[in-house]
Amino acid sequence: MSDLLYSEIENDLRAGLRGLLDDKCPWGDVLAGTEREEPYDAKLWRAVAAELGCAGLPVPEEQGGAGATWRETAVTMEELGRAVAPVPFLGSAVLATAALMAAGERDLLTELAAGEKIAVLAVPFTTAPGVAMRDGAQAADGRLTGAITSVADGLAADVLLVPAQDGLYAVDAADARRTAVTSLDMTRRLCDIALADVPARQIAAGEAAARAVRTALLTGAALLASEQLGLAERCLETTVDHLKTRFQFGRPVGSYQGLKHRLADLWTSITQARAVARYAADCVAAGDPDTEIAVAVAQAHCSAVAVRAAEECVQMHGGIGFTWEHPAHLYLKRAKSISLAFGTPDRHRAALAALLDLPQA
Amino acid sequence: MSTALPDADDLRARVDEFLAAHDPATMEPLEFLRARYDAGLAWVHYPVGHGGLGAPRALQPAVDARFAAAKAPRNQPERNGIGLGMAAPTILAFGTEEQKRRFLRPLWTGEEVWCQLFSEPGAGSDLAALGTRAVRDGDRWIVNGQKVWTSMAHEARWAILVTRTDPDVPKHRGMTYFVCDMTAPGVEVRPLRQITGEAEFNEVFLTDVAIPDEHRLGEVGQGWQVSTTTLMNERVAIGGAATPRESGMIGVVAKLWRERPELRTAGLHDALLRAWVETEAARLTGERLRQQLTAGQPGPEGSAAKLAFAKLNQEVSGLELELLGEDGLRYDDWTMRRPTEVDFTRRSPGYRYLRAKGNSIEGGTSEILRNIIAERVLGLPGEIRVDKDVAWKDLPK
Numbered sequence: 001m002s003d004l005l006y007s008e009i010e011n012d013l014r015a016g017l018r019g020l021l022d023d024k025c026p027w028g029d030v031l032a033g034t035e036r037e038e039p040y041d042a043k044l045w046r047a048v049a050a051e052l053g054c055a056g057l058p059v060p061e062e063q064g065g066a067g068a069t070w071r072e073t074a075v076t077m078e079e080l081g082r083a084v085a086p087v088p089f090l091g092s093a094v095l096a097t098a099a100l101m102a103a104g105e106r107d108l109l110t111e112l113a114a115g116e117k118i119a120v121l122a123v124p125f126t127t128a129p130g131v132a133m134r135d136g137a138q139a140a141d142g143r144l145t146g147a148i149t150s151v152a153d154g155l156a157a158d159v160l161l162v163p164a165q166d167g168l169y170a171v172d173a174a175d176a177r178r179t180a181v182t183s184l185d186m187t188r189r190l191c192d193i194a195l196a197d198v199p200a201r202q203i204a205a206g207e208a209a210a211r212a213v214r215t216a217l218l219t220g221a222a223l224l225a226s227e228q229l230g231l232a233e234r235c236l237e238t239t240v241d242h243l244k245t246r247f248q249f250g251r252p253v254g255s256y257q258g259l260k261h262r263l264a265d266l267w268t269s270i271t272q273a274r275a276v277a278r279y280a281a282d283c284v285a286a287g288d289p290d291t292e293i294a295v296a297v298a299q300a301h302c303s304a305v306a307v308r309a310a311e312e313c314v315q316m317h318g319g320i321g322f323t324w325e326h327p328a329h330l331y332l333k334r335a336k337s338i339s340l341a342f343g344t345p346d347r348h349r350a351a352l353a354a355l356l357d358l359p360q361a
Numbered sequence: 001m002s003t004a005l006p007d008a009d010d011l012r013a014r015v016d017e018f019l020a021a022h023d024p025a026t027m028e029p030l031e032f033l034r035a036r037y038d039a040g041l042a043w044v045h046y047p048v049g050h051g052g053l054g055a056p057r058a059l060q061p062a063v064d065a066r067f068a069a070a071k072a073p074r075n076q077p078e079r080n081g082i083g084l085g086m087a088a089p090t091i092l093a094f095g096t097e098e099q100k101r102r103f104l105r106p107l108w109t110g111e112e113v114w115c116q117l118f119s120e121p122g123a124g125s126d127l128a129a130l131g132t133r134a135v136r137d138g139d140r141w142i143v144n145g146q147k148v149w150t151s152m153a154h155e156a157r158w159a160i161l162v163t164r165t166d167p168d169v170p171k172h173r174g175m176t177y178f179v180c181d182m183t184a185p186g187v188e189v190r191p192l193r194q195i196t197g198e199a200e201f202n203e204v205f206l207t208d209v210a211i212p213d214e215h216r217l218g219e220v221g222q223g224w225q226v227s228t229t230t231l232m233n234e235r236v237a238i239g240g241a242a243t244p245r246e247s248g249m250i251g252v253v254a255k256l257w258r259e260r261p262e263l264r265t266a267g268l269h270d271a272l273l274r275a276w277v278e279t280e281a282a283r284l285t286g287e288r289l290r291q292q293l294t295a296g297q298p299g300p301e302g303s304a305a306k307l308a309f310a311k312l313n314q315e316v317s318g319l320e321l322e323l324l325g326e327d328g329l330r331y332d333d334w335t336m337r338r339p340t341e342v343d344f345t346r347r348s349p350g351y352r353y354l355r356a357k358g359n360s361i362e363g364g365t366s367e368i369l370r371n372i373i374a375e376r377v378l379g380l381p382g383e384i385r386v387d388k389d390v391a392w393k394d395l396p397k
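Those protein sequences? They're chains E and D, same order as listed.
If you count by the UniProt record's numbering, then the first sequence holds residues 1 to 361, one letter each, in order.
If you count by the UniProt record's numbering, then the second sequence holds residues 1 to 397, one letter each, in order.
Everything labelled a hint here was simulated from the structure, so no lab data went into it.
From the three backbone atoms N, C-alpha and C, an ideal C-beta is built for every residue, glycine too.
Heads up, some of the hints might be wrong.
To be verified - Calculated pairs, DSS-like style, for lysine-lysine (alpha carbon to alpha carbon, straight line, at most 30 angstroms):
hint	chain 1	residue 1	chain 2	residue 2
1	E	244	D	311
2	E	333	E	117
3	E	43	E	333
4	D	311	E	336
5	D	388	E	244
6	D	357	D	311
7	E	24	E	333
Said to hold, decoys possible - Just some of the chain D residues that point at chain E, by a computed CB distance under 8 angstroms:
hint	residue
8	269
9	292
10	301
Stated by the list, open to error - Covered by chain D, per the in silico footprint, the following chain E stretches (three or more residues, Cβ under 8 angstroms):
hint	region
11	1-13
12	238-248
13	271-282
14	340-353
Next up, chain E with everything else stripped away, as it sits in the complex (with noise of 0.2 angstroms):
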């Protein structure tokens, strides 16, 4: 059985991670950046993966990485995604990088693991893994043309991996066109991506780039189980914290049990959501034979999960909680967005489904 725990090296990178967050990336200043024009925190990017060095911790020593794991990175996705950090981390750091990986890529790699340089798989943001794949752009002697809608983290990317018909190319992002979207989550925005007879450079032929990016969509759905883990629990932090320190009737409101046995079973769902995100990435991380079923729970219960404690966060924090400036929304409309992201848990139960012989009507 896999290793459900956290190790101690984890804790630390955790400790660490979250004494950055709390300085850098006060959640004041995530408010203020989502009405800004830069699509991204780029100082915030630089310390998290250059000067803490997690946006190579899955990649090999010998390639610029830290020769740690996808469960390492799965921590960071935690803390990443408490403090709803406006950074390319799982666009750079988990697919782009998960891509390259399984393609046998190594010059773009070492660039990507030490912060250098951001690259994305430029995908639609809900695109499932095991989805067949609508093909964005085609290709012809070395150079590709088409669009992609909704990609996430692409206004951030110095390189733009495109899936084509023969193949999975990187494409310089200056040479692409790019339409920032009005997100509804502002902290990872999406964009449009036109390409026009670009040059690309292909990474990846045939079998082995389906391959590469089925591998970087199912170690993405992994891993932001973790993010929707993180998110839960300081959404039921905030929350817990508001209700005992909020008087109505003359008492605490978190006296009430219309409040607390919410908040009960918000909390035994999070010991779940930490379980089966762990679990998952652990898969992920071993090359497991359970790795797709572990994703699709993973996904259809953290999503889930995510969800409804930023639901509870605004909903017991009354009218507070409905205000622009309070944090509340930043994790509704993080925690609704990437319960989309990666496919919905509907498509998740639907492709257990088919993977525990488990067929519909």
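Please build the complex by placing chain D on the supplied structure of chain E, with the hints as guidance.
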């Protein structure tokens, strides 16, 4: 021999040594179990002299597995869950040396089955409101009252019993805890027929039952603290066992789904997959909890496990009836009987559905568990209490 705590290697060597000297194939089962207890290999975390070696609790599963592999006689824990899970840890924590010597060995070997005389018709969730009176009479106590929801009282030789000894002080302070002889004059066990038709539980009437003072567990007036130890162990016992994927209730329904395509509908498919995911999440959570305990990092997650288990058992057993359609209307047998062991997945779908309704009531209702999580884990403020400083005799009843 070293005086350091035994580790996994020491225990393996001790079990092998024991098995070499006691042939499980030829020895009389009870003699084998008694010898295993005396060798400290019964529950290795118990003290030397009381069936253990003072070893870490986490090493017990490996010891059990080694005895099982040798086809050693079993102490049939399913027959004595209350004895092993609740009475024993309470006796260990509060019993005198003499009480530990008298009770623990036959409890562990299964010679003496135990039951629990706690709940009363007027004291369920509010256990501390109980009214069964114990009055001192020289070196013994005379007990009168009624207990309810007592599983296995019809099989039990002994009971753990909590009573009211001082009605003039607030309820938590006037209680005293005893070991009660179920064969004593004045103990009457009546089956309590449940919604399933059978009587797994009982009502127990206590009329002028005499209990010697040496069967008191803990100090006079300390009954609430002793009971709390029992209840904490109950919740650990209910949430804790390792299970393979798709076992228990979900396994029954998944098998039905695969074998009977004509029963399938789109809505039930969705419900089945949701339940499957929840069951797997609960299973992984239990696995993580066990890993925490093994690593010596016990957490509060145990109280969540029982809550989740009750909800799932009820959902999935209800789903099974819907899936069965016409067959879901039929019940196997309403005949009143008194089962000797508890297994939630036995018998018919209708039985499973009805029995699962008890899961959110027995061992602390789901509502009380939510209060416990909210107050002790999340630190939310307690309920407004009107009974805290009122003498028990003045409480509205």
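Cross-check of the supplied hints:
{"no.": "1", "hint": "E/244 - D/311", "in the structure": "28 angstroms, holds"}
{"no.": "2", "hint": "E/333 - E/117", "in the structure": "27 angstroms, holds"}
{"no.": "3", "hint": "E/43 - E/333", "in the structure": "23 angstroms, holds"}
{"no.": "4", "hint": "D/311 - E/336", "in the structure": "26 angstroms, holds"}
{"no.": "5", "hint": "D/388 - E/244", "in the structure": "22 angstroms, holds"}
{"no.": "6", "hint": "D/357 - D/311", "in the structure": "9 angstroms, holds"}
{"no.": "7", "hint": "E/24 - E/333", "in the structure": "21 angstroms, holds"}
{"no.": "8", "hint": "269", "in the structure": "5 angstroms, holds"}
{"no.": "9", "hint": "292", "in the structure": "7 angstroms, holds"}
{"no.": "10", "hint": "301", "in the structure": "5 angstroms, holds"}
{"no.": "11", "hint": "1-13", "in the structure": "holds (count 4)"}
{"no.": "12", "hint": "238-248", "in the structure": "holds (count 3)"}
{"no.": "13", "hint": "271-282", "in the structure": "holds (count 8)"}
{"no.": "14", "hint": "340-353", "in the structure": "holds (count 5)"}
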